[in-house]
Structure formats: C-alpha cells, structure tokens
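2 protein chains.
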Amino acid sequence: MKNSIITISRQYGSGGREVGRRVAQQLDIPFYDRELIVMVAKESGLSLEYVEETAERGTNSLLYNIAMGGQVPGLQMSGQYMPVAEKMYIVQTKVIREIAEKGPCVIVGRTADYILKERDDCLNVFIHAELDFRVQRVIAEYGIDEKEAHKTVQKKDKGRAAHYRQYTDQEWGIAQSYHLCLDSGHFGLEETARLICSAARGG
Amino acid sequence: MKNSIITISRQYGSGGREVGRRVAQQLDIPFYDRELIVMVAKESGLSLEYVEETAERGTNSLLYNIAMGGQVPGLQMSGQYMPVAEKMYIVQTKVIREIAEKGPCVIVGRTADYILKERDDCLNVFIHAELDFRVQRVIAEYGIDEKEAHKTVQKKDKGRAAHYRQYTDQEWGIAQSYHLCLDSGHFGLEETARLICSAARGG
Numbered sequence: 006m007k008n009s010i011i012t013i014s015r016q017y018g019s020g021g022r023e024v025g026r027r028v029a030q031q032l033d034i035p036f037y038d039r040e041l042i043v044m045v046a047k048e049s050g051l052s053l054e055y056v057e058e059t060a061e062r063g064t065n066s067l068l069y070n071i072a073m074g075g076q077v078p079g080l081q082m083s084g085q086y087m088p089v090a091e092k093m094y095i096v097q098t099k100v101i102r103e104i105a106e107k108g109p110c111v112i113v114g115r116t117a118d119y120i121l122k123e124r125d126d127c128l129n130v131f132i133h134a135e136l137d138f139r140v141q142r143v144i145a146e147y148g149i150d151e152k153e154a155h156k157t158v159q160k161k162d163k164g165r166a167a168h169y170r171q172y173t174d175q176e177w178g179i180a181q182s183y184h185l186c187l188d189s190g191h192f193g194l195e196e197t198a199r200l201i202c203s204a205a206r207g208g
Numbered sequence: 006m007k008n009s010i011i012t013i014s015r016q017y018g019s020g021g022r023e024v025g026r027r028v029a030q031q032l033d034i035p036f037y038d039r040e041l042i043v044m045v046a047k048e049s050g051l052s053l054e055y056v057e058e059t060a061e062r063g064t065n066s067l068l069y070n071i072a073m074g075g076q077v078p079g080l081q082m083s084g085q086y087m088p089v090a091e092k093m094y095i096v097q098t099k100v101i102r103e104i105a106e107k108g109p110c111v112i113v114g115r116t117a118d119y120i121l122k123e124r125d126d127c128l129n130v131f132i133h134a135e136l137d138f139r140v141q142r143v144i145a146e147y148g149i150d151e152k153e154a155h156k157t158v159q160k161k162d163k164g165r166a167a168h169y170r171q172y173t174d175q176e177w178g179i180a181q182s183y184h185l186c187l188d189s190g191h192f193g194l195e196e197t198a199r200l201i202c203s204a205a206r207g208g
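The listed protein sequences derive, respectively, from chains Y and Z. When the letters of the first sequence are read in order and numbered with our numbering, they come out as residues 6 to 208. When the letters of the second sequence are read in order and numbered with our numbering, they come out as residues 6 to 208.
For reference, chain Y alone in the conformation it holds in the complex (with noise of 0.2 angstroms):
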C-alpha cells in the first residue's frame, strides 16, 4: 500500500468517524480513534474526559491547569508551570508518532496529520459535508432538537478549528492542508470510504 497511515481530520457530524472504521476495516489495519484517547490519559495522567474535549477548543482550560496543579505525572522533560493542554499535546504527539512506527492504521482527528507530516507514507483526509446534512446526523445520534444541533455543530466546528490553527501552522477545512477532502453528504458514508481506500491503494 502506497500511502500506509491514513490520518481523517473531519467537520463534526459528517460522520467522519464511521467513515475511518469502515476504511480500517476494508484494509484490514487498525484503527484508532476512542483507543487513542485512552492511550494519552493513560501515558499523561489526564482524565479520559478532558483528553477527549481538548481537541474541541482552541484555548486551554485555565481551570483544569489550576486544579492539575500545572503538572502531569511522568512527564519530567516539561516545566512545572507548562499548561496541562500543552503537557497533553506532548504526550499525544508521543503516543501518535509511536502507533505510526508500528505500521498501517487509520488515525482520527487528533493532528495526525501535521505530528505525521515528517513521514511520506501518509495519506491525510479531510471530511465534511453540508450543514444540513451534519444536523441531520447529529439529531439522529443524540436524540437533540434542531436547534440545539445546529449549535453544536457550529460549536464543535469552531472549537477544532482553533484547535488545529493553535498547533500546527496549517488552516483546518483548507483544502492545501489535506491529499484529499471529500463530501460525506454528497458521495454517502460507504462511497466515501471506498474512495479513501482506492486512493491509499494507489490505483
């Protein structure tokens, strides 16, 4: 396979995570998305809850750093007084670069794209889809009133675009910072897959 490691950046409700299930799953590698997050608590000493929502804002939590104390357990190359979120992206950086030295897998969010953006074996994917479309899911999922939807929606967008804008010196949704973007809602999750897989392939 030609591009091994396959990293899906994706709008939220797009359904980019199921997208990137479906993709491991077709080349048979492993995919980590919930596991990955795991594993960062797990190596940092954070919680499970605030690995997983870091990625959705562009700002550090002032007051989970005040209650941490400003320090993670195991991580004596970095300062006292170094952010927690930042402490968090060290070890995530760490934990990513590791799973990519051990072959092919699929990797959601999280940077990949730009902690992998040394290696040349990297397929980098952007997903997203219309705004009506991702409301749809998003409703569907968890069961919330459309104006909530929209909300969040445009909450969680906003919040990984700082994110993203905060760590790397690329711009989230352009297409440059991505090999390939694709429209959920207009080719259907199992399609969108199947480019995916076609174009790590390599023809």
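Just so you know, these hints were derived from the structure itself, not from any lab. For clarity, every value in this text was computed on a predicted model and none was experimentally measured. Backbone N, C-alpha and C define an ideal beta-carbon position, used for all residues, glycine too. It is possible that some hints are incorrect.
[Stated by the list, open to error] DSBU-like cross-link-like pairs, simulated, lysine-lysine; straight-line CA separation at most 30 angstroms:
(1) Lys161/Z to Lys47/Z
(2) Lys161/Z to Lys122/Y
(3) Lys47/Y to Lys163/Y
(4) Lys122/Z to Lys99/Z
(5) Lys122/Y to Lys152/Z
(6) Lys47/Y to Lys107/Y
(7) Lys152/Y to Lys122/Z
(8) Lys156/Y to Lys122/Z
(9) Lys47/Z to Lys160/Z
(10) Lys160/Z to Lys99/Z
(11) Lys99/Z to Lys47/Z
(12) Lys160/Z to Lys122/Z
(13) Lys122/Y to Lys156/Z
(14) Lys163/Y to Lys163/Z
(15) Lys122/Y to Lys160/Z
(16) Lys99/Y to Lys161/Y
(17) Lys99/Y to Lys122/Y
(18) Lys160/Y to Lys122/Z
(19) Lys99/Y to Lys163/Y
(20) Lys122/Y to Lys163/Y
(21) Lys122/Z to Lys163/Y
(22) Lys160/Y to Lys99/Y
(23) Lys122/Z to Lys163/Z
(24) Lys122/Z to Lys161/Y
(25) Lys152/Z to Lys163/Z
(26) Lys122/Y to Lys47/Y
(27) Lys163/Y to Lys152/Y
(28) Lys163/Z to Lys122/Y
(29) Lys47/Z to Lys163/Z
(30) Lys47/Y to Lys160/Y
(31) Lys160/Y to Lys122/Y
(32) Lys161/Z to Lys99/Z
[To be verified] Simulated DEER-style distance windows between Cβ atoms:
(33) Asp125/Y to Glu57/Z: 32 to 40 angstroms
(34) Glu106/Z to Ser52/Y: 52 to 60 angstroms
(35) Glu123/Z to Glu195/Y: 20 to 28 angstroms
(36) Gln30/Z to Lys122/Y: 28 to 36 angstroms
Chain Z: place on chain Y using the hints.
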C-alpha cells in the same frame, strides 16, 4: 455515470487542466477549457484575451470597460452602463448551462461549479498542490525563472480566489466548496485523474 458533469477548479500550476483533459479522455466525454473561452468570446463579442484573463482577477478592468463603451453586442437584456465583466459573466453562465444540458462533460474553471449548483449530476473538484510543485511546473512550462514563477503563481491564485469570491457565495480553495479536493503533487496527475474518474463513476 452518477456524476455526469465534472467541474474542475484548480490552483495555478497544479496541472488541473491536464488532469481534466485526462478525465475527459478516460470517460470519453467532451472537455471544455479553451473551447469554452472561444464560445463565450464569440457570443459576447468580447476579445478572446479579455474573456481568458477576466477569470484570473477579481476586479473589473475599468480601462476595458471604457474602451468597450460599456456595451456588449447581442446583450439586449442588459443596460448600456452594465460593466463589461458583468455582461461577460451573464454570457458565460448561459454558455455553461447550455453545455451542461447537452450531456456529460468536463468543464475547467469559469466558476462552472457555482453556475451549475442547481443540478444534481455535477461532481465539483478542486485540484491543488504544494507551492514548490506548482512553481517547478510553471518554470518547466513557461521557461521563466524561479522568482518570476513564484510571483506568477501567487498572483494568479489571488486573482482566481477574488474572482470566485466576487461571483459566488463560496470560498475558493475551502474544502466545503467542492465535493472532492485532491493534491496533484501528492498523487501525481495520472492517479489524480484516475481517482476523479472513479468518483464520477461511483464505484
């Protein structure tokens, strides 16, 4: 074929035009690039050069407007003082819609994606590549030096973005403005064309 009309927008130097030509060849459908410019020039009475250049910049050419006396032959519907660029856009819209009505085809540039947005049989593609890849292609094609090539690429992209912004309610180069975005520098022109054909055929 699921997506019978393929519109291709592209960064300058990305090889998007060549990719479009290959897609049309592989799918055995008409290819509109230079042909489209000729048709618009003929129908509007404007010069080939003006029609060609106007898609590369965001603002109207005042001097050309004055030179043309604000009139375009054959455009009864528009007022005498309508800017030439606007008149040309009306003709271009008409020509592109007529082309699409004829059947499957590939159309390069000219905001065809936006002009045909009411149709449900379009596949809107954006082709981009890293700056260095594009500069090297421009040097090879036009025999200009690296500094000049850099300047040309950046100026052309800026103009195309401004033109797209002026005539559509979408942003040029943002993933969500298109169904499919591909990095031709990463995939190579042949593989980029293959992936577009695969997406158009729908599996």
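Going through the hints against the structure:
no., hint, in the structure
1, Lys161/Z to Lys47/Z, "holds (25 angstroms)"
2, Lys161/Z to Lys122/Y, "holds (27 angstroms)"
3, Lys47/Y to Lys163/Y, "holds (27 angstroms)"
4, Lys122/Z to Lys99/Z, "holds (14 angstroms)"
5, Lys122/Y to Lys152/Z, "holds (26 angstroms)"
6, Lys47/Y to Lys107/Y, "holds (19 angstroms)"
7, Lys152/Y to Lys122/Z, "holds (26 angstroms)"
8, Lys156/Y to Lys122/Z, "holds (26 angstroms)"
9, Lys47/Z to Lys160/Z, "holds (28 angstroms)"
10, Lys160/Z to Lys99/Z, "holds (28 angstroms)"
11, Lys99/Z to Lys47/Z, "holds (13 angstroms)"
12, Lys160/Z to Lys122/Z, "holds (27 angstroms)"
13, Lys122/Y to Lys156/Z, "holds (26 angstroms)"
14, Lys163/Y to Lys163/Z, "holds (25 angstroms)"
15, Lys122/Y to Lys160/Z, "holds (27 angstroms)"
16, Lys99/Y to Lys161/Y, "holds (25 angstroms)"
17, Lys99/Y to Lys122/Y, "holds (14 angstroms)"
18, Lys160/Y to Lys122/Z, "holds (27 angstroms)"
19, Lys99/Y to Lys163/Y, "holds (26 angstroms)"
20, Lys122/Y to Lys163/Y, "holds (23 angstroms)"
21, Lys122/Z to Lys163/Y, "holds (26 angstroms)"
22, Lys160/Y to Lys99/Y, "holds (28 angstroms)"
23, Lys122/Z to Lys163/Z, "holds (23 angstroms)"
24, Lys122/Z to Lys161/Y, "holds (27 angstroms)"
25, Lys152/Z to Lys163/Z, "holds (17 angstroms)"
26, Lys122/Y to Lys47/Y, "holds (25 angstroms)"
27, Lys163/Y to Lys152/Y, "holds (17 angstroms)"
28, Lys163/Z to Lys122/Y, "holds (26 angstroms)"
29, Lys47/Z to Lys163/Z, "holds (27 angstroms)"
30, Lys47/Y to Lys160/Y, "holds (28 angstroms)"
31, Lys160/Y to Lys122/Y, "holds (27 angstroms)"
32, Lys161/Z to Lys99/Z, "holds (25 angstroms)"
33, Asp125/Y to Glu57/Z: 32 to 40 angstroms, "holds (37 angstroms)"
34, Glu106/Z to Ser52/Y: 52 to 60 angstroms, "holds (59 angstroms)"
35, Glu123/Z to Glu195/Y: 20 to 28 angstroms, "holds (26 angstroms)"
36, Gln30/Z to Lys122/Y: 28 to 36 angstroms, "holds (34 angstroms)"
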